[in-house]
Amino acid sequence: MVAAALAIRARRHGQRVLLIGMVDGAGIAAHFGAAIPGYAPREVRDGIFAMTIDRSQALDEYLHLQLNIPRNAPLGPLSKGLDVVTEAVPGIRDVITIGKVIHEAEGSWDLVIADAPATGQIMSYLRAPATIAQLVPTGRVRDQASWMEGILADAGRAALVMVAIAEELPVTETKEALAALEAEPLIAVAAVVANRVLSAPGFGSAALEDLPPGPHRDAALLQTSLVTDQDEWMEELRPDVMLPYLFGVHTAAEVAARLADTWEAAS
Amino acid sequence: MTAAILVTGGGGVGKTTVAAGLAVAAADRGLETLVLTVDPARRLATALGIERLGNTPSRTAGRDHLWAAMLDATASWEAIVHRHATPDVAERLIANEFFRAIADRFPAGQSYAAAEQTAEFLESGEWDLVIVDTPPAAGGIDFFLAPGRIRSLIGGRVLRWLTGAGLPGRRRLYRWTTRPALRAADAVLGGHLLQDVAEFLMDLRTIYDGVSRRARHIERHLRRATSIVVTTADPAPLGEAARFFRELPAVAAEPRLIVFNRSLPREWMLPPPPVPASGALKKALEDNLQRWAEEAQRRHDLQTDFATRYDTELGVIPWLPHPPTSLDELAAMMDVATGLDLAALDVPNP
Chain A
1 MVAAALAIRA RRHGQRVLLI GMVDGAGIAA HFGAAIPGYA PREVRDGIFA
51 MTIDRSQALD EYLHLQLNIP RNAPLGPLSK GLDVVTEAVP GIRDVITIGK
101 VIHEAEGSWD LVIADAPATG QIMSYLRAPA TIAQLVPTGR VRDQASWMEG
151 ILADAGRAAL VMVAIAEELP VTETKEALAA LEAEPLIAVA AVVANRVLSA
201 PGFGSAALED LPPGPHRDAA LLQTSLVTDQ DEWMEELRPD VMLPYLFGVH
251 TAAEVAARLA DTWEAAS
Chain B
268 MTAAILVTGG GGVGKTTVAA GLAVAAADRG LETLVLTVDP ARRLATALGI
318 ERLGNTPSRT AGRDHLWAAM LDATASWEAI VHRHATPDVA ERLIANEFFR
368 AIADRFPAGQ SYAAAEQTAE FLESGEWDLV IVDTPPAAGG IDFFLAPGRI
418 RSLIGGRVLR WLTGAGLPGR RRLYRWTTRP ALRAADAVLG GHLLQDVAEF
468 LMDLRTIYDG VSRRARHIER HLRRATSIVV TTADPAPLGE AARFFRELPA
518 VAAEPRLIVF NRSLPREWML PPPPVPASGA LKKALEDNLQ RWAEEAQRRH
568 DLQTDFATRY DTELGVIPWL PHPPTSLDEL AAMMDVATGL DLAALDVPNP
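Residue numbers (the numbering used here), protein chains in the order written: chain A, 1 to 267; chain B, 268 to 617.
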């Protein structure tokens, strides 16, 4: 959702943007009211392109590039064999996914935004190049892994935006990832974004005690207790950017556009 | 016979909470109930009395019939290997770093461990009901596909292509690199990697027959189980929920129920009664209810659309002021939930 909002915002600044679904493209599709993007980038809105990484296709593309095989020539059983190897070797799968993102980022786009896996899994993706470099003493994969490590670590070329809602699990996972990145600076953290932030209700819980039961009181109580819990987790998260909860917004496309507006206003 | 409920859905929708809530409700009806979770939030884990990973269920404090366990995928895999391999192969496999990777990181590895654990609990006959909080994975449906994917990973079709028919001697491995395709692959992957992987896969190959039989058995358990899908009214989990309804029937039983978590009262959508306040408070209360009424409307529209489109029963859990963090709060949540009737989920009476 935030990735889509970032893409819309960058487009408004005249950039040619590629949005990449690293896990699946369903979210991107919903936010642009488009079909689920495939492996080839397709324009989902004027100036915004989208694609979904398919690991087998990324592996095939990689092998064609590496082995200098013409793009359409079949790899046959080699690719099938390596498919299994990539499942068994820690990090290869993740390196190929991250590698595809970096490959696109080195291309002609002004900005490449990757809709990354859940926060709990992000470290294993970011560590993948280092894992590979350890496992593989020589060879092209190793060289590539080192090259990727360099690009990810270069704050001028890559950065991480972490998004969380102010609840126990997402905040805990975000803090764990931030602590891990402090110890192991694999990538710069550009911003921590709190999403779906409820605003202070304009009434204290004391004022509600005298109210008779009914929807006004119930909705007010829900608002105050959610805000109390939220503030406790916000204190832990300490976000750089806060995006508001959008009440009653029906379509995902509308959500992304409205968040882009808010982001614009906040910066 | 032990009944099973598999709780599926996207990340962050309260899947673990729903699984635990159903378990508390069942235990309170006198059913010996076990809930198997994967990585629950800490407060909920504390409520269930499971602070650490462990495949041995422990009885929760405060509920006699309620048991809980938190999946330890690595331990499950070690047990699987010990069951199916000769002692020296088992030792070699467990020490292998590729093996660790499959157990911990290969998504189907974790899902398979959860499925294996589920099957063991069902077969033990110690419980009337086993509820599984399925592992979150890209596409979610992984849990149901894991037995098949594990079979094909170690199934030897690729290995047969690599090594020729049957189980080759280890020495043959060293002649591999004479194959042109492998020479190319070795150039890409570097040095010994392919050989290491091959040795590993060959060790794994020796447990294929045992694991394969077992995996088919587990698949049958999963097909017989009742599955339910949990979601909130947010785009990402709704998309995943829809995917379960589209794809699950091909690999398991059709989901019995869609559970919408964080629902809002219908009455908020009606024209509001007079505001029992004045001045600034009156205005703030009116604005607040108006916002929540729009949200309630949106959530109800989505719930109804979903249940109609997929022709399924609808379970609804109200948006609670605080997420439940104790067994009593879980029981209270089940009291205000609708459509989560255990009888409708094929759970027998005690």
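Quick caveat, the hints were computed from the structure, so don't treat them as lab data. Some hints could be false.
Claimed, not checked - To give an idea of the chain B side of the interface with chain A (calculated C-beta under 10 Å), a few residues:
#1 Leu311
#2 Asp476
#3 Gly477
#4 Arg481
#5 Ala547
#6 Glu561
#7 Glu562
#8 Thr571
#9 Trp586
Stated by the list, open to error - Just the calculated beta-carbon pair ranges, DEER-fashion:
#10 Glu390(B) / Ala265(A): 54 to 60 Å
#11 Arg157(A) / Pro585(B): 44 to 50 Å
#12 Ala610(B) / Trp147(A): 56 to 62 Å
#13 Glu390(B) / Gly204(A): 32 to 38 Å
Keep in mind the model is a prediction, meaning the values are calculated, not measured. A virtual CB, placed ideally from N, CA and C, is assigned to each residue, including glycine.
So, going through the hints one by one against the coordinates:
1. Leu311: holds, 9 Å
2. Asp476: violated, 18 Å
3. Gly477: Violated: closest Cβ of chain A sits about 19 Å from glycine 477(B), beyond 10 Å.
4. Arg481: violated, 19 Å
5. Ala547: Since chain A brings a Cβ to about 8 Å from alanine 547(B), closer than 10 Å, the hint holds.
6. Glu561: Result: holds, 3 Å to nearest chain A Cβ.
7. Glu562: OK, holds: glutamate 562(B) within 10 Å of chain A, min 5 Å.
8. Thr571: violated, 13 Å
9. Trp586: Holds, because the Cβ-Cβ distance from tryptophan 586(B) to chain A comes to roughly 7 Å (cut-off 10 Å).
10. Glu390(B) / Ala265(A): 54 to 60 Å: holds, 59 Å
11. Arg157(A) / Pro585(B): 44 to 50 Å: holds, 47 Å
12. Ala610(B) / Trp147(A): 56 to 62 Å: Holds, since alanine 610(B) and tryptophan 147(A) (Cβ atoms, about 60 Å apart) stay within the stated range.
13. Glu390(B) / Gly204(A): 32 to 38 Å: violated, 56 Å
Of the numbered hints given earlier, the model fails hints 2, 3, 4, 8 and 13; all others are met.
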